[in-house]
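There are 4 protein chains.
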Amino acid sequence: MNHCAPIPDVQGSLDGRHIAIDKVGIKNIRHPIRIRDKSEGIQHTIAVFNMYVGLPHNFKGTHMSRFVEILNRDEREISVESFGPMLRMMVERLEAKSGHLEMSFPYFIAKAAPVSGVRSLMDYEVSFIGIIAGDGRHDFTLKVVVPVTSLCPCSKEISAYGAHNQRSHVTVTATLNQHMWIEEIVQIVEDLASCEVYGLLKRPDEKFVTERAYDNPKFVEDMVRDVAAVLNAEPRIDAYIVESENFESIHNHSAYALIERDKRKLEARPEASITASPW
Amino acid sequence: MNHCAPIPDVQGSLDGRHIAIDKVGIKNIRHPIRIRDKSEGIQHTIAVFNMYVGLPHNFKGTHMSRFVEILNRDEREISVESFGPMLRMMVERLEAKSGHLEMSFPYFIAKAAPVSGVRSLMDYEVSFIGIIAGDGRHDFTLKVVVPVTSLCPCSKEISAYGAHNQRSHVTVTATLNQHMWIEEIVQIVEDLASCEVYGLLKRPDEKFVTERAYDNPKFVEDMVRDVAAVLNAEPRIDAYIVESENFESIHNHSAYALIERDKRKLEARPEASITASPW
Amino acid sequence: MNHCAPIPDVQGSLDGRHIAIDKVGIKNIRHPIRIRDKSEGIQHTIAVFNMYVGLPHNFKGTHMSRFVEILNRDEREISVESFGPMLRMMVERLEAKSGHLEMSFPYFIAKAAPVSGVRSLMDYEVSFIGIIAGDGRHDFTLKVVVPVTSLCPCSKEISAYGAHNQRSHVTVTATLNQHMWIEEIVQIVEDLASCEVYGLLKRPDEKFVTERAYDNPKFVEDMVRDVAAVLNAEPRIDAYIVESENFESIHNHSAYALIERDKRKLEARPEASITASPW
Amino acid sequence: MNHCAPIPDVQGSLDGRHIAIDKVGIKNIRHPIRIRDKSEGIQHTIAVFNMYVGLPHNFKGTHMSRFVEILNRDEREISVESFGPMLRMMVERLEAKSGHLEMSFPYFIAKAAPVSGVRSLMDYEVSFIGIIAGDGRHDFTLKVVVPVTSLCPCSKEISAYGAHNQRSHVTVTATLNQHMWIEEIVQIVEDLASCEVYGLLKRPDEKFVTERAYDNPKFVEDMVRDVAAVLNAEPRIDAYIVESENFESIHNHSAYALIERDKRKLEARPEASITASPW
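Protein chains in written order, with numbering that gives the first Met the number 0: chain A, 0 to 278; chain B, 0 to 278; chain C, 0 to 278; chain D, 0 to 278.
Please note that a few of the clues may not be correct.
Part of the chain D face toward chain C, derived, beta carbon under 10 Å [unchecked claim]:
hint, residue
1, Phe58
2, Val79
3, Phe82
4, Val90
5, Arg92
6, Glu94
7, Cys153
8, Lys206
9, Thr209
10, Glu210
11, Tyr213
12, His250
13, Glu259
Derived pair list, reagent style DSS-like, types lysine-lysine, alpha-carbon separation capped at 30 Å [unchecked claim]:
hint, chain 1, residue 1, chain 2, residue 2
14, A, Lys96, D, Lys264
15, A, Lys59, D, Lys142
16, A, Lys96, D, Lys96
17, B, Lys96, C, Lys142
18, A, Lys264, D, Lys262
19, C, Lys264, B, Lys264
20, B, Lys59, C, Lys96
21, B, Lys264, C, Lys262
22, D, Lys201, A, Lys262
23, A, Lys142, D, Lys110
24, D, Lys264, A, Lys59
25, A, Lys264, D, Lys201
26, B, Lys96, C, Lys264
27, B, Lys262, C, Lys96
28, C, Lys264, A, Lys201
29, A, Lys264, A, Lys142
30, A, Lys262, D, Lys59
31, D, Lys96, D, Lys59
32, C, Lys264, B, Lys262
33, B, Lys96, C, Lys96
34, D, Lys142, A, Lys96
35, D, Lys262, B, Lys59
36, D, Lys59, A, Lys142
37, B, Lys264, C, Lys37
38, C, Lys59, A, Lys201
39, C, Lys59, B, Lys142
40, D, Lys201, B, Lys96
It should be emphasised that the hints constitute simulated quantities derived from the structure, not laboratory data.
Quick reminder that beta carbons are idealized off the backbone N, C-alpha and C, glycines included.
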């Protein structure tokens, strides 16, 4: 029974508006995936996918069902090793020159509490973003949202006792030229925060994290600068954005900071020259 | 030009399934409103409305457009005085016995910082919920989400210095038998929190709120109990739910507590009798 | 190294406010789970947990860390068979009389497209809600959000051609007295919708679903009534809420309907008597 | 009473990490505003603000409270005429070289239904984004999300009757060199959609919009191309992004397309040259 033959292929016809489309495809489709895990081997989780290709000016439309076919191609779960091949297959099967594949998922790391050593899982929001540009360049970007505690240096300095602190989200979006583990990005951020956060803390742990945060105050500006300094020195990272959003405990709004850098660009950053100055 | 006449009224036909519908109508429609303000007279804001009626078993459908007509009936902005009349008009125009009208909006209160006195607006999420039950009973419920600072008593007690604190949302949902101002609910909660939060704080204010929170630690359990004690004693409140959600600064999850009470129910609460016990 | 001994147990002290707390615990904590699947055996997914107990009036606080310990007790993933035992363990370990355990997760079903038979996964949002009431009663409630197509009967009837249609969410919240599969709830809803939705459709499938929806128009009222009729007749269901929200394609708001019924309550529903009337 | 004098200004001290911060400030703060309206003169609404400045490498921190002071400077509501002055004041008062001011708000337009002429409000999500770059360049960008109906040409073509349709969000983000009304952007999009959407439709209107959408099918690709063609020809627009997201009625995911263009860049777009070809 061939229903397809007599059904016209509307999307495949020619288009006369002479306007290329930068991205066209499907957005917000969920699928189970399987991720390699630095310590456990494998973890199962659920990703939201965005899948787009560039469409040349002379094609009327893309074939949306092919994106979903690629997602459902093999076994039930998509393994992380398939990410690169999926991106290439997407560009090829959609007869495109450029493509954009994004998958976002909760990722879990087993952590030991700092004093009692009790173990629990912590969840991080992670995205993989793969791009094949029109000029053939490939980019892989890893984005990790790391929840931490931030404690305000000003509040500590000016108050007779106590200091306001809060949960913050530090987000690193790093374009890589070699493999980096999600765990490596998480550790860079957690080591630099006022304190890292945990799923499970017993009383001695709670004492520890309270005192550690108080001993280690950081402005939102400090947080992004300290992370940026490490990312600057990391040769596996070509470009990055680091953001921190502090959900202030004394306000109903956030404090926020962002540093962005692309090491591949030749122009010197303003501060580079100033660095050499007598400052 | 009468387009309506020949167009069949599908919704008005009879239904044979013998199943009444508890709520039917429109959800998530936005409209500008005008609220009476305890200090300023009037404030303009934007509400999201849910508008439902009960549908007897023998009617096939309700007339969705009539709900939207009621919203757009008069002038551009709906005044808060229209809330009760709108609910009654909705039930009447939809030929229903019961109705449910809900509007949720951000509400602003001008606050003075505790030391410097600098003024700024704080935003609160407020809902009005009006119900006409099938038995003719009318209920008006006011819901207010109050952001506050909470500081953990355990963390303070066990730590040599500092204490973890965070933003919390304390939500009061109060069924009223007389008018209460939004500002009255807000003040009950803010007076009982570890500290209230502000839009604008100068350094001396930040010192003040840091020390005040440290002097005034509260568990999530304390917060809901202290608010419940005040609501218990408030004769204008017939029934309430009080919730607190603390967005923990040392975890990636919330601490949460809820107390619910309907004073109109005759049955004694279990703890009432225990209160008289030797405990 | 025993840090715990000298650290005071603030939460365990007595409380003099004489106010019991209905629910206290942790909210919005994510954890991987493993679900039994009607066809595949096992599927791995990620759940958001809310875990609460009732707290008698004379205890100052609950022990928040015990909730997280229960989550992290065994192996990495929580299996669905653990849900009941977890609820009982929670009540026992927190020395409570009542408890409330909720886990919400995306669930996937492999579906075959109606004509081409191509297979793809569809995602559904599912919750398990387990309650142990203060009187010892146990309740298990299954909630499933089923995305479907709804096509408007009025639009079809009054228009020379076409009919507006849209994605709708039909939500069934069913308190069960025996096991039911998630797949059974999904099928009840999908069979009654204007048309079910799929991840992957080829052109002949798209023709099929377009025509099927047009042949099968349903108001939001029809949808909830048709589902209610099936749930009324299902002996494994003690009580239910069925809702439909249509994200109208011709408006920027939703059409919505809800039917709620508890078969365990003795009082006859109003329409029951009317059913016997000459109507 | 001068509390400020003895309190150290931690933020004002020097920083030795030699890393400038691209954006630092406050995020997600709500404030009432007053917008000029093409037809009504003035409308009151509520905005969410993000306010950032660039921080040179040698300053430790910015003064967060100054952002909130600027918001609360004058009268209660911020008028739209203040947007430019606010951005300049922010950069000046924070002693910065660059600044980024963003406000997002629901905006209402009174529309007449196409046949009955009944009037109702439609809500649109609007953002103003003002940027002062480090090189002194000023940019003003207007972003408008326009909800419309999209009807699938393929579904119409291949089906004996009916066609799937759904609500779509068409988002135009336009960098302007002269004033444009929000209403002008809305009209460009609504004129090009399968059909525009309305708050209130009577039965003859519902017949009209059903038939109009069926007569006017558009792929997500058509939608962004047709809008792009108008934006290309509009001399008041220097650069734009146009996106369409269709919340597919036959799937549980979206179809999506995006076209981006900066007319100020000299390089010819690939299609420009092809335009001159024999195609």
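Comparing the hints with the structure gives:
Contact between D/Phe58 and chain C, as hinted, is not supported at the beta carbon level, the nearest pair being about 37 Å apart and thus beyond 10 Å. Taking 10 Å as the C-beta contact cut-off toward chain C, the hint placing D/Val79 at the interface is violated, the least distance being around 23 Å. The interface hint given for D/Phe82 is broken, as the beta carbon of that residue sits about 26 Å from the closest beta carbon of chain C, more than 10 Å. For D/Val90, the interface hint is violated, since its Cβ never comes within 10 Å of a Cβ in chain C; the closest pair sits about 36 Å apart.
Proximity of D/Arg92 to chain C is violated relative to the hint, the smallest CB-CB distance being about 38 Å (cut-off 10 Å). Interface hint status for D/Glu94: violated, as the beta-carbon distance to the closest one in chain C is roughly 40 Å, over 10 Å. The interface hint given for D/Cys153 holds, since its Cβ lies 7 Å from the closest Cβ of chain C, which is under the 10 Å cut-off. Among the interface hints, the one on D/Lys206 holds; its C-beta lies about 5 Å from the nearest C-beta in chain C, closer than the 10 Å criterion.
The interface hint given for D/Thr209 holds, since its Cβ lies 4 Å from the closest Cβ of chain C, which is under the 10 Å cut-off. With its C-beta approaching chain C no nearer than about 5 Å, D/Glu210 sits inside the 10 Å limit, and its interface hint holds. At about 3 Å, the closest approach between the beta carbon of D/Tyr213 and any beta carbon in chain C falls short of 10 Å, and the interface hint on this residue holds. Contact between D/His250 and chain C, as hinted, is supported at the beta carbon level, the nearest pair being about 6 Å apart and thus within 10 Å.
Annotation: D/Glu259 was flagged as interfacial toward chain C, and the flag is violated, the nearest CB pair being 26 Å apart, outside 10 Å. For the given pair, A/Lys96 sits about 22 Å from D/Lys264 by alpha-carbon distance, which is consistent with the 30 Å threshold. This hinted pair checks out: A/Lys59 and D/Lys142 have alpha carbons roughly 26 Å apart, not beyond 30 Å. Straight-line distance between C-alpha atoms of A/Lys96 and D/Lys96 comes to about 40 Å, which puts the hinted pair past the 30 Å bound.
A threshold of 30 Å between alpha carbons decides the hint, and for B/Lys96 with C/Lys142 the separation of about 29 Å falls inside it, so the pair holds. Only pairs whose Cα atoms come within 30 Å are accepted, and A/Lys264 paired with D/Lys262 is accepted, the gap being roughly 23 Å. Taken as a hint, the C/Lys264 and B/Lys264 pair is honoured in the structure, with Cα atoms around 18 Å apart against an allowance of 30 Å. Note on B/Lys59 and C/Lys96: the hinted pairing is violated, with a Cα-Cα distance of about 45 Å set against a maximum of 30 Å.
The suggested pairing of B/Lys264 with C/Lys262 holds, with an alpha-carbon distance near 23 Å, which does not exceed 30 Å. Restraint check: the Cα-Cα separation between D/Lys201 and A/Lys262 comes to about 59 Å, which exceeds 30 Å; the hinted pair is violated. Using a Cα cut-off of 30 Å, the hinted pair A/Lys142 and D/Lys110 is violated, with the two alpha carbons roughly 43 Å apart. Between the alpha carbons of D/Lys264 and A/Lys59 the distance comes to roughly 26 Å, so the proposed pair stays at or under 30 Å and holds.
For the given pair, A/Lys264 sits about 58 Å from D/Lys201 by alpha-carbon distance, which is inconsistent with the 30 Å threshold. At roughly 22 Å between alpha-carbon atoms, B/Lys96 and C/Lys264 fall within 30 Å of each other, so this suggested pair holds. A C-alpha spacing of about 23 Å is found between B/Lys262 and C/Lys96, which places the hinted pair at or below 30 Å, so the restraint holds. A distance of roughly 44 Å separates the Cα atoms of C/Lys264 and A/Lys201; the hinted pair therefore is violated under the 30 Å criterion.
Between A/Lys264 and A/Lys142, the direct Cα distance comes to roughly 21 Å. Compliance with the 30 Å bound is thereby established for this hinted pair. Straight-line distance between C-alpha atoms of A/Lys262 and D/Lys59 comes to about 24 Å, which keeps the hinted pair within the 30 Å bound. Taking the CA atoms of D/Lys96 and D/Lys59, the gap is near 16 Å; set against the 30 Å cutoff, the hint holds. Using a Cα cut-off of 30 Å, the hinted pair C/Lys264 and B/Lys262 holds, with the two alpha carbons roughly 23 Å apart.
As the CA atoms of B/Lys96 and C/Lys96 are separated by approximately 40 Å, the hinted pair breaks the 30 Å bound. Our distance criterion of 30 Å between C-alpha atoms is met by D/Lys142 and A/Lys96, whose separation comes to about 29 Å. Pair hint D/Lys262 plus B/Lys59 does not hold up; C-alpha atoms about 55 Å apart against a cutoff of 30 Å. Between the alpha carbons of D/Lys59 and A/Lys142 the distance comes to roughly 27 Å, so the proposed pair stays at or under 30 Å and holds.
About 44 Å separates the Cα atoms of B/Lys264 and C/Lys37, which puts this hinted pair outside 30 Å; it is violated. Distance hint between C/Lys59 and A/Lys201 is fulfilled; the C-alpha atoms sit about 18 Å from each other, no more than 30 Å. Among the hinted pairs, C/Lys59 with B/Lys142 is consistent with the structure: their alpha-carbon atoms are about 27 Å apart, no more than 30 Å. Using a Cα cut-off of 30 Å, the hinted pair D/Lys201 and B/Lys96 holds, with the two alpha carbons roughly 24 Å apart.
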